[in-house]
Amino acid sequence: MTLTAPSIDAAEDVAQAKPRIRVWRWVTGTVFTLFAIQFAHFLVTNERFEWPVVWEYLFDKSIMEGIRTTLTLWLVVIVLGTVAGVCVALAKLSSYAPSRWLATAYVSVFVAIPPLVQLIFWFNLAYLQPEISIRIPFGPVFHSWPTNVVISTWTAAVLALAIVESAYMSEIIRGGILGVDAGQTEASKAVGFGSGVTFFKIIVPQALRIILPAWGTRLVTVLKATSLVSIVALTDLLRSVQEIYNVTYQTIPLLLVACFWYLVMVTVLTTVRNQLERRFSRGHDVGGPARTGRVRTARRQANRVAVDG
Amino acid sequence: MSVNGVSHEKQEPVLRVARVRKNYGSFTALDGVSLDVESGEVVAVIGPSGSGKSTLVRCIDQLVGIDGGAIYLDGELLGYERRRGTLRPMKNARIAAQRRRMGMVFQNFNLFPHLTVRENITEVLRRSHGVSKPDADRRALEVLDRVGIGEKADHYPRRLSGGQQQRVAIARAVAPSPRIMLFDEPTSSLDPALVSEVLTVMQDLAEAGHTMVVVTHEIRFAHDVADRCVFMRQGRIVEEGPAKRMLTGPATDELRDFLSHVGSL
Ligand SMILES: Nc1ncnc2c1ncn2[C@@H]1O[C@H](COP(=O)(O)OP(=O)(O)OP(=O)(O)O)[C@@H](O)[C@H]1O
Ligand SMILES: [Mg+2]
Numbered sequence: 170m171t172l173t174a175p176s177i178d179a180a181e182d183v184a185q186a187k188p189r190i191r192v193w194r195w196v197t198g199t200v201f202t203l204f205a206i207q208f209a210h211f212l213v214t215n216e217r218f219e220w221p222v223v224w225e226y227l228f229d230k231s232i233m234e235g236i237r238t239t240l241t242l243w244l245v246v247i248v249l250g251t252v253a254g255v256c257v258a259l260a261k262l263s264s265y266a267p268s269r270w271l272a273t274a275y276v277s278v279f280v281a282i283p284p285l286v287q288l289i290f291w292f293n294l295a296y297l298q299p300e301i302s303i304r305i306p307f308g309p310v311f312h313s314w315p316t317n318v319v320i321s322t323w324t325a326a327v328l329a330l331a332i333v334e335s336a337y338m339s340e341i342i343r344g345g346i347l348g349v350d351a352g353q354t355e356a357s358k359a360v361g362f363g364s365g366v367t368f369f370k371i372i373v374p375q376a377l378r379i380i381l382p383a384w385g386t387r388l389v390t391v392l393k394a395t396s397l398v399s400i401v402a403l404t405d406l407l408r409s410v411q412e413i414y415n416v417t418y419q420t421i422p423l424l425l426v427a428c429f430w431y432l433v434m435v436t437v438l439t440t441v442r443n444q445l446e447r448r449f450s451r452g453h454d455v456g457g458p459a460r461t462g463r464v465r466t467a468r469r470q471a472n473r474v475a476v477d478g
Numbered sequence: 590m591s592v593n594g595v596s597h598e599k600q601e602p603v604l605r606v607a608r609v610r611k612n613y614g615s616f617t618a619l620d621g622v623s624l625d626v627e628s629g630e631v632v633a634v635i636g637p638s639g640s641g642k643s644t645l646v647r648c649i650d651q652l653v654g655i656d657g658g659a660i661y662l663d664g665e666l667l668g669y670e671r672r673r674g675t676l677r678p679m680k681n682a683r684i685a686a687q688r689r690r691m692g693m694v695f696q697n698f699n700l701f702p703h704l705t706v707r708e709n710i711t712e713v714l715r716r717s718h719g720v721s722k723p724d725a726d727r728r729a730l731e732v733l734d735r736v737g738i739g740e741k742a743d744h745y746p747r748r749l750s751g752g753q754q755q756r757v758a759i760a761r762a763v764a765p766s767p768r769i770m771l772f773d774e775p776t777s778s779l780d781p782a783l784v785s786e787v788l789t790v791m792q793d794l795a796e797a798g799h800t801m802v803v804v805t806h807e808i809r810f811a812h813d814v815a816d817r818c819v820f821m822r823q824g825r826i827v828e829e830g831p832a833k834r835m836l837t838g839p840a841t842d843e844l845r846d847f848l849s850h851v852g853s854l
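Chain order of the listed sequences is C and W. For our numbering, count along the first sequence from 1 and bump the result up by 169. For our numbering, count along the second sequence from 1 and bump the result up by 589.
Next up, chain C with everything else stripped away, as it sits in the complex (with noise of 0.2 Å):
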């Protein structure tokens, strides 16, 4: 028996095909393109927009000052945060039922009070405990000093964002650690690893894994949230651009300034979190030589879209 191809309308290939015919696109890419070229000549045209002003405040010493100061306070907040989210995640996980309670109404009652309320309310801890002291509850006491001078501005802004910082993030840590297969606290236990190895070298690089997108959205948050604290006038990038509009009235184009500065240093944590993921999906891809395919990146933006909505 010889295989013959069935014949068809040569018309009818449809290798000859052309391309659907869209409309809907071709309607909405015209009415975009307009709205964009719009907003352009608004940008441009719009003199109170006044370009020359940002330019000149650009890298203004004062407004780098403010950004150091951002930055500062960004990282003291991430870095105690992060510590501290371990410790709270810890205690939430403990098989000691009293330091789970603690853990638990900690993070109930700083995730639930706007941070900026957490601020002011720090900001003032001198007017309902004038003095802070090292004692025994009740007992002697060794040594105090007065609230003004430990609570500073700095430390008022710093205690409350880390404290509010480290209730997001043990609930990141938390998750991060149930992530890990039980299995494998069941291995490390049958392999004879202690309790250390156990937690550092088989279930924190595991849950690091699990831990980053959501860790990596909280750096871009926190950045963003110390803005908060212009208004306990700790001079960070936004109360150091408002410092000099206050005067001069020209308040858009150093808001522009401050939009600049917020827009590149969140682009650049961004890209630093992107690598810092990257680096530790290691293992953690199935077959092929590939390691950047595209179930991973897929996988990945899933994550982050779960994580940041």
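Read the hints as simulated data drawn from the structure, not as lab findings. Incorrect hints may have been included.
[As the list claims (entries may be wrong)] A short, non-exhaustive set of chain W residues, derived as facing chain C with CB atoms under 10 Å:
| no. | residue |
| --- | --- |
| 1 | Q651 |
| 2 | P678 |
| 3 | A682 |
| 4 | A686 |
| 5 | Q687 |
| 6 | V694 |
| 7 | F695 |
| 8 | L700 |
| 9 | P702 |
| 10 | N709 |
| 11 | A762 |
| 12 | S849 |
[Claimed, not checked] Taking lysine-lysine pairs in the DSSO-like style, the calculated list, with each CA pair at most 27 Å apart, reads:
| no. | chain 1 | residue 1 | chain 2 | residue 2 |
| --- | --- | --- | --- | --- |
| 13 | W | K722 | W | K741 |
| 14 | C | K370 | W | K833 |
| 15 | W | K680 | C | K370 |
| 16 | C | K370 | C | K261 |
| 17 | C | K393 | C | K230 |
| 18 | C | K393 | W | K722 |
| 19 | W | K680 | C | K261 |
Just so you know, even glycine gets a beta-carbon here, dropped at the ideal spot from N, CA and C.
Since the structure of chain C is already known, use the hints to place chain W with the ligands on it.
Quick look at chain W with the ligands alone, frame taken from chain C:
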């Protein structure tokens, strides 16, 4: 039952499980299980789902605590110690030290995915057994060759097939030369085509004289490789004896019934 070795008529068993009870809440998973395993012996544990087979090996490896009875490895009580006449649970570090004398193979392999195949073994040798890096590397390659995975030493476990992963898990368990190897259904999560490569490796270990307790649904393997067979049902050992005799001519109705369900040899 002298622990001090006064009686000489019989060699001390490597493993002694004595009247062990285990409850999960109000449910009794192990109801007075006793089992001695002699050096070099291969014991197959069979029984229907939920009969407590996994619970038994997990109790032996101290992965779950027991509620009654006692377990001894080479005559040493596992998990508990007597201090001034009072029996108390050991510190975790001492339990870890006891676990190092046993090798465990899980149904789901449980290799460490962030470590390469080689590191899965060398980390265990170095961190749990104080083996130097060059010695650990040499030993890892030796056991990997023995299970036929030598050339995959630097792959990550997820890149291997299930059968290969399980062979690595066996290599990891056997590398420190444990006193006893425990297997919990090592082939149950494998594609049928991959089962035999793992059973072959286990048979090699058995023939090399390793002491093994193997929970399995592979009746053929139990018949051919095990010296002794233990049949469990509802947390109890119902029948026990030489594997070949027991699996060809079961003495109890329960075992006969079970064997007719899982299929004949
Ligand atoms: N962590 C647990 N909590 C509560 N009950 C449990 C737990 N682990 C096991 N059990 C129960 O104990 C009984 C024995 O379980 P086990 O896993 O030892 O059975 P098995 O003989 O290994 O079964 P299988 O062949 O399905 O693996 C089962 O009824 C199971 O539901
Ligand atoms: Mg089981």
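(Q) Check the structure against each numbered hint from earlier and tell me which ones fail, lowest number first. (A) Violated: hints 2, 12, 14, 18.
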